[in-house]
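K.L.:
Spelled out, the chains give:
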Amino acid sequence: MSGAEKISVRVTEVTALNELVTRFRFESLDGSLLPTFSGGAHTVVEMKDGDVTRLNPYSLMSDPFDQTAYTISVRRDDEGRGGSLFMHNSVGVGDEMVISNPVNLFSLDLRAKKHLMIAGGIGITPFLAQIKQLDRAHGNWELHYACRSVALGSYIDYLTSTHPNDVNVYYDDQEQAIDLECLFSGQPLGTHVYVCGPKGMINWVRGKATELGWPREAIHYEEFLAPQPGKPFEVKLAVSNKVIQVGEQESLLEAMERSGVDAPYLCRGGACGMCETRVIDYTGNFIHRDHWLDDEGHSSGEKIMPCVSRFEGKTLVLDR
Amino acid sequence: MALQFNDETFRDDYSFHNSERAIKRFPFPFDKDSYMYAVNMEQHRGGPSDSIYEKRFDVDEHYVSEMRDRAMVLADDPLRCQSLPHMTLAGWDLLELIMVSKSEDYPDLFELHRDGDKWHWVNKPLGIDDHFTFMDETTLPYGPMEYITRQTQGDFCVLDQRDDNLWMDAGTITTQADWSLDFDIGMNFFEWHAPVPLAHEKGIFVRALKFLLNIQQGAPARRLNWTMTVNPLLDTSPENYHKWGIQKTSLTPENIGAKQHLRVELQTFFRLPRSNALVFPIRCYLCAFQDLMTVPKWGRRLHRVIRDLPEELATYKGFIDNRPIMLDYLSQFDDGLPTSNGIWPEIDGEPPLKSD
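Protein chains in written order, with this note's numbering: chain L, 1440 to 1759; chain Y, 19 to 374.
It should be emphasised that the hints constitute simulated quantities derived from the structure, not laboratory data.
Which chain L residues stay away from chain Y? Per the calculated CB distances, all over 10 Å, these: (1) Leu1456; (2) Phe1623; (3) Pro1671; (4) Leu1732; (5) Ser1739.
Some, not all, of what chain L presents toward chain Y, calculated at C-beta under 7 Å: (6) Glu1444; (7) Thr1475; (8) Phe1476; (9) Ser1477; (10) Arg1550.
With a straight-line cut-off of 25 Å between C-alpha atoms, the simulated DSS-like cross-links for lysine-lysine are: (11) Y:Lys220 x Y:Lys50; (12) L:Lys1681 x L:Lys1742; (13) Y:Lys335 x Y:Lys220; (14) L:Lys1571 x L:Lys1553; (15) L:Lys1742 x Y:Lys228; (16) L:Lys1445 x Y:Lys73; (17) L:Lys1742 x Y:Lys220; (18) L:Lys1571 x Y:Lys136; (19) Y:Lys261 x Y:Lys335; (20) Y:Lys335 x Y:Lys266; (21) Y:Lys372 x Y:Lys42; (22) Y:Lys277 x Y:Lys42; (23) Y:Lys228 x L:Lys1445; (24) L:Lys1675 x L:Lys1742; (25) L:Lys1753 x L:Lys1670.
Ideal Cβ positions, reconstructed from N, Cα and C, are used throughout, including at glycine.
Looking at chain L on its own, in the form it has when it is part of the complex (with noise of 0.2 Å):
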């Protein structure tokens, strides 16, 4: 079986906390205690939607040393293929799910000096984990938190009534915006960046990190990426003997699922590395969408990631 070990929960609170927000509380079946996690780790979520399973990674949020519950904040995205949808629209108290064991790609590197977080938007809940670990250890941290107005800006309340000193946020109804330059120029020798929220700003952060000189090692990002839909494919699965057919709103891991065939996972959002499946023969397009491979990587025909990758052409026939 792929993927981490699988926890079997029940869901014991849903609580929404703005029209785009909501949060759910994970307690397991059996009331045994989960385990203890890091600060950044995620978990993920199977979501049985009729004939569809769905599974994606949310970062886990709640303190990562009280292991009588999880809790994970869903934004709803109206655009995407269903995952936060059938968890706003169908998920109540008392359903049972199945998660998997927490597995972090977006560690806190304990050797920080200080650690300088930055959010955008609902990319505020690893923080909200890390936060409580660091505090716990008495660590330095500091955290700009950008989202989009008031009435949007989750636990924004929490983090200023109990961090008033750490914690910074920007409207951008307000047109607040965070002064990258002035932030980095301030910060103490021995300083680990982290970011995590929309593309554009993870690349901003990045971008500007490296132009102001800040080691590659000092700068960590975490973006998952939701699988996309995209027009139907057809693919030939070498190993297994089977040609699939990719549907619409499926991504290729999900078909290949589907199809009886057990690839390797971990994350479902482009990040780990783990499905890195390879190419045998191809005639068409790939439509990269994964953060794991390099350019050189994507250009080179070699390789496809299918927790978020995609495929328009003629034939692609995959090691697997």
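Let chain L serve as the given structure and place chain Y on it in line with the hints.
P.N.:
Quick look at chain Y alone, frame taken from chain L:
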């Protein structure tokens, strides 16, 4: 069967010995009649009853004496145990993993009672009964990693994971096959493996690192590694090479069966949840050639493996000069009969040695 702990030494008079039970459960590392490096990992989730794979941290008849030997090594050389400042959380992770595992797997030997962060640990074989506060170093006599690894057989490398690499940032290393924590501390996976011959060319380390980076909570892995040691020395460190290196020249046809030991490491890998670090326990098992030869399958196979091993590996493992005398001895136990696949002794399944 209750464990009887041996009173034995791994130095000076070398009174170390394996009982018949210990010989039967010895992790013979060769699953076929030849050996080459491979990424030979499997899941670490139990194994046959009373095998060394059965428990998460195997406790055997050598436990008490091994811990006494570790205390002596650390008294002579405190740098065998080091933890860089950012690794303390991983040390608590390790302490928790071992205490929980041992108290669940060996309830008659170890007890852990937890009331929030007030913990009570009982280690009966070593006569330890301590109350402490989890995550508060001031309530333990040592740092958390040193405290628990002074009570657990095997060396422990605690590896930080960052920048898609693993870093040797903490460990307790007193039973090592000729490598030094004090030398390797702070190195990454490729740096500390640089001296190993042949494996780099085969791409072994790139694949092994990828595997290790993806080890997840609740899904530990394991593999075996091996080398040769003259006299049952746990501490074959570079720091003490001047003491043990010379002993490799003491083999004679008369004493080789008792003096020459096959040294096998059970290497396991666990993701540590609170720190996202990886712990890499390296547990050393020793067995004298003459004890191994009581298992006909192992006698036949060990001769063939040692005879056909590439020269680079025999050199790297430090027995190239002794290989001829080893082969003279081992060939007596190889009658040319075929052997069955797998590492298990198959005492009842394999024919006894054919005598001429």
